[in-house]
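S.K.: Sequence:
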Amino acid sequence: MPNIYNALSCSYECYRWSNERDGSGSDTRGAPLSVPVGGATLGRIFNVLGEPVDNLGPVDTRTTFPIHRSAPAFIQLDTKLSIFETGIKVVDLLAPYRRGGKIGLFGGAGVGKTVLIMELINNIAKAHGGVSVFGGVGERTREGNDLYMEMKESGVINEQNLAESKVALVYGQMNEPPGARMRVGLTALTMAEYFRDVNEQDVLLFIDNIFRFVQAGSEVSAPIR
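Each residue of the sequence shown is one higher than the last, beginning at 903 in our numbering.
These aren't lab readings, by the way, just hints derived from the structure by calculation. Among these hints, one or two may not hold up.
Here are the computed lysine-lysine pairs in the PhoX-like style, where the Cα-Cα straight-line distance is at most 25 Å [claimed, not checked]: (1) K1004 - K991; (2) K1015 - K1004; (3) K1028 - K982.
Starting from the given sequences, assemble the full structure and let the hints guide the process.
M.R.: Rendered as structure tokens:
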């Protein structure tokens, strides 16, 4: 008997996105979904399964982490308050970011959210020796492509030498099944945790956007109530 979470997920996916029906046979690998991690992910685009989707060949790493892992123990958490210096004066003065904290960027189309994101990615790489991971949850294909092209133009992604890139991209776009959109954030989080825990680097994790993440969860839960 499979784990109830896996059973419900499988039942929903079969019902919604394939010709399989309840009662059809299926196999389980008995392990959680694992995705590639480490420096080889920089400059690349992945889907929720950790598969590269940028037509640049396979990822040159054998190191993988499961996307479902236990949270750090409470005693491992750092309670010291410190400010993350973004290098953007108006942010550092009026709305400073806490290191290890969370922040939301709100704004309409074309107001400069992407520009701010790329500035943060550049600054954390140059000033702190860190990297960034961008999780696109439910983005339009055009939006994801535009972001990728802008990152290449700004030098955040170095197509000639991917090792010098400063960001890894994980997309679960609007055309993907809701199960993929709901879990793509965990894939991005897993890649970011590796840089933090193993490489001991500063890392920025961007999730764009939270509304579509919640929407994907609603789409998954509705048919199985």
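S.K.: Sort out whether K982 lies within 25 Å of K1028, counting only the CA atoms.
M.R.: 24 Å, holds
S.K.: With the threshold set at 25 Å, check whether the alpha-carbon distance from K1004 to K991 stays at or below it.
M.R.: 19 Å, holds
S.K.: Run the distance test for K1015 versus K1004: straight-line Cα separation, threshold 25 Å.
M.R.: At roughly 16 Å apart (the allowed maximum being 25 Å), K1004 and K1015 satisfy the hint.
Going down the numbered hints, you'll see the structure goes against none, and every one checks out.
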